[in-house]
Amino acid sequence: MTQIFAYIPHNNGEPEDIAFEFPVAAAKIDADASVTAVVTGSGADLDQVVEKMTSVYKEVIKIDNSELAYPNAEVVRKAICNTISSDSIFLVGHNTFGMDLGPGLSIKMDSAFVADAVDFEGVDGSLLKIIRQELGGAVSCHVTCDLSSGAVITIRPGSFAPNESGSAGGAVVDKSSDAGDLVSKRRFLEIVEAEIGDVDITKSDVLVSVGRGIEEEENIEIAQELAEAMGAVVSCSRPIVDAKWFEKSRQVGTSGQTVKPKVYLAMGISGSFQHMGGVKGNPFIIAVNKNAKAPIFQVADVGIVEDILEFMPELTEKIKEL
Amino acid sequence: MEILVCVKRVPDTAENEFELNSDGNDLDRDDLVYSVNEWDNYAVEEAIQIVDNVGGSVTVVTVGDDESEEVLRREMAMGANNGVLLSDDAFEGSDGKGVAGILKAEVEKGNYDLILTGAQADEGAAQVGGMLAAMLDLPYASLVNQIDIADGKTIKVGREIEGGNQEMNEIELPCVLSIQTGINEPRYVGIRGIRKVAKVEIPVKSASDLGLDAADVGDAGAKVKRVDYFVPDLGDGAEMLEGSTDEIIEKLIEKLKAKGGLS
Ligand SMILES: Cc1cc2nc3c(=O)[nH]c(=O)nc-3n(C[C@H](O)[C@H](O)[C@H](O)COP(=O)(O)OP(=O)(O)OC[C@H]3O[C@@H](n4cnc5c(N)ncnc54)[C@H](O)[C@@H]3O)c2cc1C
Ligand SMILES: Nc1ncnc2c1ncn2[C@@H]1O[C@H](COP(=O)(O)O)[C@@H](O)[C@H]1O
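Protein chains in written order, with this note's numbering: chain W, 1 to 322; chain P, 1001 to 1263.
For the record, the hints were derived by calculation from the structure and aren't laboratory data. Careful, some of the hints might be misleading.
As the list claims (entries may be wrong) - List of simulated lysine-lysine pairs, DSS-like, C-alpha gap at most 30 angstroms:
(1) W:K203 x P:K1257
(2) W:K318 x P:K1251
(3) W:K62 x W:K185
(4) P:K1255 x W:K185
(5) P:K1255 x W:K293
(6) W:K293 x P:K1251
(7) P:K1205 x W:K244
(8) W:K318 x W:K290
(9) W:K290 x W:K320
(10) P:K1259 x W:K248
(11) P:K1257 x P:K1104
(12) P:K1156 x W:K318
(13) W:K185 x P:K1259
(14) W:K244 x W:K58
(15) P:K1257 x W:K320
(16) W:K280 x W:K52
(17) W:K185 x P:K1153
(18) W:K262 x W:K293
(19) P:K1225 x P:K1205
(20) W:K248 x W:K280
(21) W:K52 x W:K62
(22) W:K185 x P:K1156
(23) P:K1259 x W:K203
(24) P:K1109 x P:K1205
(25) P:K1104 x W:K293
(26) W:K260 x W:K185
(27) W:K108 x W:K129
(28) P:K1205 x W:K280
(29) W:K318 x P:K1255
(30) P:K1255 x W:K203
(31) W:K203 x W:K260
(32) W:K320 x P:K1259
Stated by the list, open to error - With the C-beta cut set under 10 angstroms, the calculated list includes, among others, these residues of chain W facing chain P:
(33) A161
(34) Q251
(35) Q257
(36) K260
Just so it is clear, the structure is predicted and the values come from calculations on it, not from any experiment. Ideal Cβ placement from N, Cα and C applies to all residues, glycine included.
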């Protein structure tokens, strides 16, 4: 029988959403698999997460150690290698922790590694068929992964429906005493919180969001004028912040702000999952992009194939005439 | 400080409209525009700035074909001192582990204090840096957006995590770091800069030069293989507004009014 483990990320005693998505992902790999949650941490916060996970998983492995109080991937990796059998399938979220942990873990477990799975098409012999995307979501592909010596797979957050049945009645297995030597050459120091800017994009019902398609810093003005005419605020994708054309607090996405507007205009944004991961609350999404095949059109409600540098000024004029 | 930066030549997502070939199983690669992976430019810039401050040298390395030489030259035009091309027919079809294993062989021929990769490349895998570190038994940090070189034995690095928060770590040298965009502002490279390095010798190393067994790399050694590319069936997708720009704007304004987009 296939054994699947899922590493449960958590904050302040709360499991992250993906903790509820792993069981559904695991069932798509193999409906008969035995699925075990692995929770590392320390103290009361850990106990609370373990308790919550027993309603979702039939078995929950708990590893309690003060060295694991903050999830330093280098330390967590050691704890996992010392407790978990390496010929199984090990699931991790494709988030900033999973990117830190997964690749190195696969080397130490001598397992295959696949990143950012969005779906599974089952196992044939020893080959698991996986769906993932490349080139910022512009194309999808099938990959096969040889499971014969185990696999570490990272799962894209939000790709599988959450399991909310809450009736697993799981057993807790305490493996704290097996964690072993957790000394690491990388030490966690502190978290520095993101700076708060002068414009709060999370408060606006309507966002005019600009991406790399804006091309030049001067052109931001064109988006500002449109936003002003609409009574909206201008937000942006990551490359605009990387170029220092806007401060970080204007960035929408997993490494920026989470926004919940009523209407979201994506202007020259391709629609990467890290960008769309910050757009919540099911807004009405309008995408304008000069590439008819841009992935943003798969998630938008309304799509327009135009050059934003010409389209936005004309739209601004028409709105002003209303 | 001796720094190695891993770079990759990738199809440029800003310059291409990706289409499948006539068989529908691969990209139509005929007219693709390639460039250096966006993340790798930030890694090279960071390496150059560190060497400007504390001395040392920057070497750029890539696993690729003959055409990958152009990205090495571009990064040398930015200011990297040396370039190395790891190229062999046997490398074709390598999975992430295969690429990391090839890079490991080259790392072991040098004496590096710091190894940088991009956070991710065209496949969105974010895997090679972490694999390389684990193979070399070196400490690793991903998504680095700040590096403070302290005493030369340990450095302080910031990792960008969810919400744009920063996780500060102390890490011992030598180490491997994957670099996130935004850590610096990569310098511009003009035609003249490229011309200057056009004649610099770039060594090419094969599997046997690196002491690698062809059975362990490339398609032969890969546990993960891409089968095909395809266009997913995503249901309806967006309602596309068509017509003249005036007509499109008229339809859009109606929709904006209905959805509360105009106030
Ligand atoms: C760990 C991690 C976290 C990340 N976090 C975030 C995040 O929080 N937010 C975020 O946005 N990204 C984030 N990213 C980056 C993300 O992967 C993408 O690289 C980024 O979102 C791309 O931004 P973009 O759509 O503006 O640019 P591109 O992908 O380059 O798209 C530009 C689009 O503009 C179109 N275009 C060009 N010119 C015009 C024109 N004149 N008129 C109309 N259309 C035009 C093009 O067709 C293209 O579709 C993160 C990446 C990583 C690895
Ligand atoms: N073929 C390659 N040659 C050299 N470096 C690579 C190669 N592939 C990936 N890398 C490095 O690994 C980083 C992450 O890529 P990936 O793991 O493929 O997403 C890239 O930014 C490069 O620094």
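Out of the numbered hints, which ones does the structure contradict? 4, 7, 11, 12, 13, 14, 25, 26, 28, 33, 36
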